[in-house]
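Undergrad: Those protein sequence lines, which keep their order, are chains A and B.
According to full-length UniProt numbering, the first sequence is numbered sequentially starting from 1.
According to full-length UniProt numbering, the second sequence is numbered sequentially starting from 1.
Don't read these hints as lab results, they were simulated from the structure.
Honestly, I wouldn't trust all of these hints.
Here are the computed lysine-lysine pairs in the DSS-like style, where the Cα-Cα straight-line distance is at most 25 Å [as the list claims (entries may be wrong)]:
#, chain 1, residue 1, chain 2, residue 2
1, A, Lys291, B, Lys294
2, B, Lys363, A, Lys294
3, A, Lys150, A, Lys231
Residues on chain A that point at chain B, a partial pick, calculated with CB under 10 Å [as the list claims (entries may be wrong)]:
#, residue
4, Thr122
5, Arg323
6, Leu457
7, Leu484
These numbers were taken from a predicted model, which means no experiment stands behind them.
Just so it is clear, CB atoms sit at the ideal spot from N, CA and C, and this is done for glycine as well.
2 protein chains.
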Amino acid sequence: MCGIMGYIGCKEAAKIILDGLAKHEYRGYDSAGIAVIKGGEIQEIRTTGRVSVLAEKVAKANFTGELGIGHTRWATHGGVSERNAHPHISSDNRVVLVHNGIIENAREIRTDLEARGIAFHTETDTESAVQYLGYVYDGDPKGAIVKLTKRIRGAFALVIMFYDRPNEIWTARKGSPLVVGHAKGEGFCASDPTALLEYTRDVWFMDDDEIARITREGCEFYDFSGAPHEKKPMHLDWDAAMTNRGEYPHFMLKEIHEQPDVVAHTLLGRIAGEKVDLSHELAWTPEETEKWKKIHFVACGTSHYATAAAARIMETLGNFEIRTEVASEYRYRNIPIDEETLAIFVSQSGETADTLHAARLAKNRGARCLVITNVRGSTIHREVGEAIITPAGPEIGVAATKTFTAQITALTLLGMYLAKLRGELSPASERRLISALMDIPGKLATILSKEREIEALARDFADARGFFFIGRGLAYPPALEGALKLKEISYLHAEAYPAGEMKHGPIALLDKELPVVALVPKNGLWEKTVSNIEESMARRSPIIAIATESDEEIRHYTSHIIFTPETEPELYPFVAVIPLQLFAYYIARQRGCDIDMPRNLAKSVTVE
Amino acid sequence: MCGIMGYIGCKEAAKIILDGLAKHEYRGYDSAGIAVIKGGEIQEIRTTGRVSVLAEKVAKANFTGELGIGHTRWATHGGVSERNAHPHISSDNRVVLVHNGIIENAREIRTDLEARGIAFHTETDTESAVQYLGYVYDGDPKGAIVKLTKRIRGAFALVIMFYDRPNEIWTARKGSPLVVGHAKGEGFCASDPTALLEYTRDVWFMDDDEIARITREGCEFYDFSGAPHEKKPMHLDWDAAMTNRGEYPHFMLKEIHEQPDVVAHTLLGRIAGEKVDLSHELAWTPEETEKWKKIHFVACGTSHYATAAAARIMETLGNFEIRTEVASEYRYRNIPIDEETLAIFVSQSGETADTLHAARLAKNRGARCLVITNVRGSTIHREVGEAIITPAGPEIGVAATKTFTAQITALTLLGMYLAKLRGELSPASERRLISALMDIPGKLATILSKEREIEALARDFADARGFFFIGRGLAYPPALEGALKLKEISYLHAEAYPAGEMKHGPIALLDKELPVVALVPKNGLWEKTVSNIEESMARRSPIIAIATESDEEIRHYTSHIIFTPETEPELYPFVAVIPLQLFAYYIARQRGCDIDMPRNLAKSVTVE
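Same shape as in the complex, but just chain A (with noise of 0.2 Å):
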């Protein structure tokens, strides 16, 4: 959803925002630009594609100055264009920023200077922003801002710069991520802390109506009103290596190999003596759990599909009422919440807006809020508080793949802890589970090791018109989590359907071009599901089993087959999804996609 990198100091800034931007390039990247200021002159480069073109671009001009900032875009209002791509100036070259997230009212706004003789140039609602700003500055940017913020509605994180104030850089934020960090003599933002971590690993996260101006000196900080307030830094615990994708191809690729890993960390330290343990992260009491009559797991996306799966593991550990919900509709429908709800938010980014949103919706209703997010510090676990923090480092590829395998993982884990807090899960139940989420990482382990016969089988498939994905129970959720995986990075229509549905109507496109990948564990189901891959089968599609390992039946039915180890039935989602991510992986680099940066995409999204 659109990256930012802010810097002044004493370096050239083109090349350190540079730098940041191509950090922030998961974020969005259909179109880049930069802006210094040198002698009172605002200069700026932009351009569509890469941040690789704008730095040609910049490479080619002489683009000096020791303050800048930067963009990389995800187009919300406005085609993908140079003349739409941030930063925007306004009218009367006096002001500069960058925008992430939207300007609700930006019509009304430009409506309204447009009948006082201002002259817009792009199609973009940011424009609406700094010309309003150009509009209202005086020589006092605090004052401006104030009245900025005032005036427009919707979400945003600004980066300002004002053509005779070289020596600060201002920022405002309500409702997109941004965080400000400071070194000797160098002060920096960014929509991503991970920018920032090779300068300095000592944070300021802004918060919603918050302003800050930022120099050479050090940060202050400010309230919407104008007033300013103390605030303190947080340290940051990611490693500057973690962002480097190695001798992988693709960040994809090395972040489904980190899985085993990823999973083996988020049992650490919640797993004592084969038993589950999150007392140091949840405060907790038996009493207070005995309250929570039911619980809602709210979420986007691939977490969205995390807390599918968590459902079905955690209904078979205790009487749990669950409901499953998009965040977006969450937030706007008449679902009843109070205090007898435990509310779980699941955010990778702890960024994402819709979460956020029905976050607050939530905790203003009286529900107990969790949350599960990969990243310490980010604006949903500030917000919430109460965390599980998922150990997956940073996630770099867009279509995400560890962070699915490390909230399952964690949400397990809640799960049991749960059920036993309510003397609803059996010692030996424990056990069982215990040993059995112990033995997931080589179990991942195992079916990485198969990659090649994986890739041998997405090369067969690679030009299918699309894909449906089947499953019945807790084979459902890893089914919808492949589906998006293909339809992320390889641009083929895949949907997943409970198995027991596709007779209800998806049945009639089958044909010998559109293959079905049937989940079919060795399970209680699976003769059902084997009658669903039969019916597929008369219609003359494909079948891509994905089986049990001991499962020798299923060969009768297809000969693409691609086992995956034995599991305790609850865990079948760890071992389903890991085939499936390789398998839209390999498709998507026979079809030549951009893995790490499919079209249209952004990782963490900050609108809504």
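Given the coordinates of chain A, work out where chain B should sit on it, guided by the hints.
TA: Coordinates of chain B only, in the frame set by chain A:
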């Protein structure tokens, strides 16, 4: 799911069976066949393709006889071929039968019989039944059938003739529908009672675990141990004329146009003096309704989407804990179901196997059960007991249209009635909604009058690679149903998403050949949905907006607009779905698809 017709009497059986099969064709039409007995010999003709192809073959053959059975097939086990078509005859030519359902242990029976030297000729599960019957038949039909019912596992409606029994047809049922009828000197059996309407309106719906012997004199009924029992006939309230499509080129179009009447009929007798009153159908007391802490909606396909709409409507009426579940998943998950649960099952045919099994489960767990169905006396109706019957009349088009509208009408009334009994519905809200519901038929007629506009729009988009349908809140369920219609009859990949969820993955697919149908009513979510439209436009997707007629602003975003009349916000699904049905219809027509009998599909889905 396969259609069966059987006849014994004084006329030429083939003619009556072919007529009956034509009325069953909506249930499956990939192949068809017929068998008669004449002079102790079984004659048979089978073919791939439609009943009309079978009729041509029969016309050319010398095919006389006064008892016979016929079948039109929707393939489950075994591809579509003449060999796999029914009827199936035992290798010793003594028994012939047709079957609807699935025999789950077919492979095992086959292995067993092959070991005893019996040669199999097809890939079907059904052949195991007929070969087994041939193997055990010793001149006692009932005894052989009793043995068969003990040997086979799965779901079946079987109609059986024995070479040496010219005066009787036998049937057995477990899980698949079958209706038996008798007129003077003639006996009938069929999957669908509408096939019997022109001969008799007094019929016996067969129950599970029931065997029938049909003769020219009457019908006798037995249980699976062979013991006889009395059974009362039921009077059908449909009319044979309802099963003609009149001037319309397709049943689907006729049924789309029936919707204003269907809504009016569904309201009839359930509204009195601006108040909802379901007391003559539902014996509910206010005290009882207080006890139901949660509501489960369970259904498949279009009926499932009707419940998704109903859930969102009901949430606005009172403090309801509602979950909507796909029947094939509900059955096998560990969702808590208890005496505090009101479980509502929705099935057009009342024969949907998945839904029926889910209803049995909920009943066993102590839930209060209720069924919404279009077929009085259908299996689910008989088993659940408490019901609201939608008076939509027979729906012949395989893609459901008028029954969806009837279902949401009934469910809206149901929600209001429940809220009222609980004291949660204010008299003002009740009046407002009743008055708005009474206006719905007129509003639907207004939309239908725009048919030519919608047809023109469909013509422009008939070559699209696929479609996404997006909507938020009350606009999401009609988006789901619109996408399903398009999938079913045009074979295009259409998928619905909550509008806010597109950016979390599926947006990767968008480009100028993948249009987005956006449901964007003028309500509190208009701005948010328009933001999602802009995101799609930025990826060059053509936008088709389903907008509210007063909404001039939508013209800024697209020129492809279908305007729907304003309604009370809760009732938006009623007006949204009609243009989507017509859009799907005309896309399919433009693409030359067989609209009333789309490939691979069957109307009444009586297998799992």
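Undergrad: If a hint holds in the structure, say so; if it does not, say that too.
TA: Okay, the hints, checked on the actual structure:
1. This hinted pair checks out: lysine 291 (chain A) and lysine 294 (chain B) have alpha carbons roughly 17 Å apart, not beyond 25 Å.
2. Among the hinted pairs, lysine 363 (chain B) with lysine 294 (chain A) is consistent with the structure: their alpha-carbon atoms are about 23 Å apart, no more than 25 Å.
3. Restraint check for lysine 150 (chain A) and lysine 231 (chain A): the C-alpha separation of about 23 Å stays at or below 25 Å, so the hint holds.
4. Given the 10 Å rule on beta carbons, the hint for threonine 122 (chain A) is violated: about 13 Å separates it from the nearest Cβ of chain B.
5. The closest approach between the C-beta of arginine 323 (chain A) and any C-beta of chain B is roughly 6 Å, which is under the 10 Å cut-off, so the hint is satisfied.
6. With a least beta-carbon distance of about 22 Å to chain B, the hint placing leucine 457 (chain A) at the interface is violated under the 10 Å criterion.
7. Restraint check, leucine 484 (chain A) versus chain B: the minimum CB separation of about 5 Å is within 10 Å; hint holds.
Of the numbered hints stated above, those contradicted by the structure are hints 4 and 6, listed in ascending order.
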